[in-house]
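A.B. asks: Residue numbers (the working numbering), protein chains in the order written: chain A, -10 to 554; chain B, 360 to 511.
FYI, nobody ran anything at the bench for these hints, they're computed from the structure. Watch out, some of these pointers could steer you wrong.
Below, a list of computed lysine to aspartate or glutamate pairs in the EDC-like style, where the Cα atoms sit at most 16 Å apart [said to hold, decoys possible]:
#1 Lys447(B) x Asp475(A)
#2 Lys466(A) x Asp475(B)
#3 Lys492(A) x Asp531(A)
As the structure is a prediction and not an experimental result, all values here were calculated from the model.
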Amino acid sequence: MYDPKFLEELRKSFSDWETGTLKDRLAAVKENRAEFTSGSGDLITERIYTPLDAGDTDFQKDIGFPGQYPFTRGIDPVGYRAFHSPLGFYAGYGSGESANKRYRQLYAAGSRDIGLAFDLPTQLGMDSDDPLAAGEVGKVGLAVDTAADLERALKGIPLTGFKTGTVGNCIGPWALAIFLVVCERSKLQPSQIGIRIQNDPFKEYTGRGTYIFNPSVAVDLASDVVEYMYKNVPSWEPQWSCTTTMRWGGCTASQEVGFGIANLLCYAEAAMEKGVNPEDFIPRVDLHMSSDNDLFEEVAKFRAVRRLWAKIASPRFNTRDPRVLALRLSTYTAGDKLTAQEPLNNVIRSTMHVLASMLAGIDHITTAAYDEALALPTFQSTRLASLTKHILNNECCIGNTVDPLAGSYYIESLTNEMEEKGRYWFDQVQDMGGARAAIDNGFYLKEMAKGRYRYQREIESGQRQVIGVNKFVQDEKISIPLFKGDEKGEAKQVARLNKARAKRNKTRLKSSLDALARTAESKAKGSTVNIVPSILEAVRADATEGEIFGVLRNVFGQYRPPSVF
Amino acid sequence: MSSASTVRRQFFDLWEYYMSKKKIRVLIAKPGLDGHETGAKIIARALMEAGMEIIYTGARQTPEMIVRTAIEEDVDVLGLSILSGAHKELCSRIIKLFEDEGIINFPIIVGGIIPDVDVPACKKMGVLEVFGPGTTTSRVADYIKGLAAKTS
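Whole structure, please, built from the sequences with the hints as guidance.
C.D. replies: In structure tokens:
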């Protein structure tokens, strides 16, 4: 990028500065640390950056223009200049009525994009009266046993033009089926509503832990959703590949890059096996990442992951098609960095997390609420979280220009380093056989445990300082209003479930579940038959979620993960 | 001194040495359906490095499974990690199951996201201590060592 003669001269003036101005200053002050590292601990951060650090960056080849290969600057040539992101929320608790109340409240406040949080039994394919579900029904989200529960939760909300979905990952085919049945019953064309299903089983082996089947079965079922949507409801979004919980569980920024690409690639290849080509798959999916504390490291991470994806996907799929090479990113701000101590401080943290995403031109940002470290968020904290990006965009002019940090010696140098390290982790995973192998052999879990333990040690030794936790600690507790759940929700939901079970046409129910068992068995024998139509029939016959997954568990078995800590 | 008594003396020295060095056994368990294991794993590793023997159940354990493991593994302390909000239901169930086995006041400590207002209720049902977010691993280790010193 630079003339060699210029760099030669620069090297000389840099050395003069070091031995003169800098040396004098360092004789008078001591820097806070002997070595400064990036927030995730991935990179050593230099005192200053100059063209020497980004010297081999080629503008045309490495930076270029937004919307063009290698997409370092984003996939949209106009970025936030055409920002119409709705007020988006992720919410839900209790049984249908209480969740419905919150959804209506959000809708009335202008939101047309509400992700539905499901409780843990629902995310695990269990009914609300399963012995393991006791005490968990409606706790971290809405309890759904049958399609009627979903209808109840969405009651009174005009669904045309509405966008919703679920982060359920191991229940993808069933989640798709209940949304389809809700459309059928409310006489809605699926294309009139936007549905997004996370459908990312890898996330559950490495993060939240709501895995059901082994990784191979889980990927197969998830790609059935991709195939079904592609053929029948192409406007819906079948999958996001998510690295947030891996990051929160201890991965570094560059591991997020490498592991994220490895995971997405595995899904893209699974989709291809089902006849969905990358140019039809990639534009419908997101790589969903954490937006973390170190503003610059994060911006570099996002720029690097787009560039690295383009470079890896091009030879892999033998294409220059921008639909395949342009990687759409979405983020969830780093919930793990929010503290229970002095929770209002979290507003500042989340704002910076959102800023990092916006400076990197992220297409879809979800902000953690400041009270998340203490309880489920309240309506007010959720609203504040969602408004953050709008304040930054409308009032602080963050989105006036696309990729505003491009060309900064620091950012370009970090982006290069992040790409290089991301490539290293990607290669590691590929060498052991790809993402499925990295889960099966405990590699991801080991890397996460290592990182998280290091982080905890750094805090306990004071090497890493967190305000309110180990620096400027305040003894007096600050109390904020906390969300109170629906205490009676569980009993109500269980009673309703029993009533729903009694009302069904037993013959239709049995034949649909028998047919599902046959489909699952033939899949277990290697058939490529899609599971969704059989599940859809069972949902139409009012089979409960637990009954449907009971059939699947009988055939595919229940997964037990390796214990790594 | 006869050689037999020397041998016996040596044996008792060894026995005492062994007893004094006997490691505290801790079961770290995640009851319920929540699978966020980060906190449980950090504690497990930190306690191990503090010289204790750790048995970690993994996620998604029923109260029955946890109580059975605690008894079979003969642990000194049970540490529960709960983030889902189901702490009251889960703790009372586990304590009840211990009581059904004739074990009263089994040492149980809890970590995770437990709202302050729920802490007294947990302690009243028999939980010894609740460690919220921001607790250092060394504080938990010291607490367990204190417990072991009191009971041995």
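A.B. asks: Now tell me if each hint is right for this structure.
C.D. replies: Hints and how they fare:
1. Annotation: proposed proximity of Lys447(B) to Asp475(A) holds, straight-line Cα distance about 14 Å (limit 16 Å).
2. Using a Cα cut-off of 16 Å, the hinted pair Lys466(A) and Asp475(B) holds, with the two alpha carbons roughly 10 Å apart.
3. Our distance criterion of 16 Å between C-alpha atoms is met by Lys492(A) and Asp531(A), whose separation comes to about 9 Å.
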